[in-house]
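> Quick note on numbering: the working numbering labels position 91 of the sequence shown as 91, and the sequence is numbered without any gaps.
These aren't lab readings, by the way, just hints derived from the structure by calculation.
Any given hint could turn out to be false.
As the list claims (entries may be wrong) - Pairwise CB distance ranges, derived in the manner of DEER restraints:
1) 137 with 62: 31 to 39 Å
2) 35 with 178: 24 to 32 Å
3) 98 with 161: 23 to 31 Å
As the list claims (entries may be wrong) - PhoX-like mimics (lysine-lysine), calculated; alpha carbons at most 25 Å apart, straight line:
4) 137 with 152
5) 140 with 92
6) 37 with 106
7) 150 with 168
8) 168 with 154
9) 152 with 75
10) 168 with 75
11) 106 with 154
12) 106 with 168
13) 92 with 137
14) 75 with 137
C-beta atoms are modelled at their ideal positions from N, C-alpha and C, and glycine is treated no differently.
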Amino acid sequence: MKYSLIYSIVLFFTLSFTAYSNDRENISLDDGIVTFKGGIVEPACTVSSESEYQIVDLGVISSNQFHGVGSHSIKIPFFIKLMGCNKSIKDKVSIIIIGDVNNNDKRLFSITDQQNSASGLGVALFNDEGEIIIPNKFNKYKFIEENELKLKFKASYLATKENVIGGKADSVVWFVFNYQ
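Taking the hints into account, I'd like the entire structure generated from these sequences.
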């Protein structure tokens with residue numbers, strides 16, 4: 001019986017220490033903080049499928065139509081159509097048109113460098129007020145309609161040298177919308 005009592009006391013303390021040591025492993029400490037940041041924005045517009053991948057035909061033009069620096073071809077209209085726009089976003093949208101800039105006139109997009117490329121000119125983009133759109137810079141834009149917004153543009157070739165040399169005169173630009 002004496003051994004049984006000693007055995008019970010030893011067992012009790014062993015279990016108590018084991019329980020205590022297990023609790024120590026589960027002690028929580030404040031080691032750091034995670035902060036979640038973000039915001040909720042109005043639904044963005046979507047670019048209509050007819051505007052997403054456009055080809056604007058500037059035509060085949062004789063190089064002798066250009067009469068020195070600053071002369072240009074006929075301005076060809078085109079538009080970018082946005083759909084599903086919230087009315088409140090209308091005044092909060094800006095657009096950047098991204099592309100390679102012409103070496104002789106930083107207001108123009110360059111002609112794509114390829115075999116038999118034309119030279120001495122670039123592609124000018126104009127807003128619906130006739131102002132040149134500066135490449136790679138965000139521009140505020142006035143939308144034409146509600147809910148289905150159209151951005152009207154015109155494009156033309158513009159001479160950057162006295163003599164324009166004939167050849168392929170392609171240019172590629174990308175557009176990106178910024179919602180503020």
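> Which numbered hints does this structure break?
The structure breaks hints 6 and 7; every other hint is satisfied.
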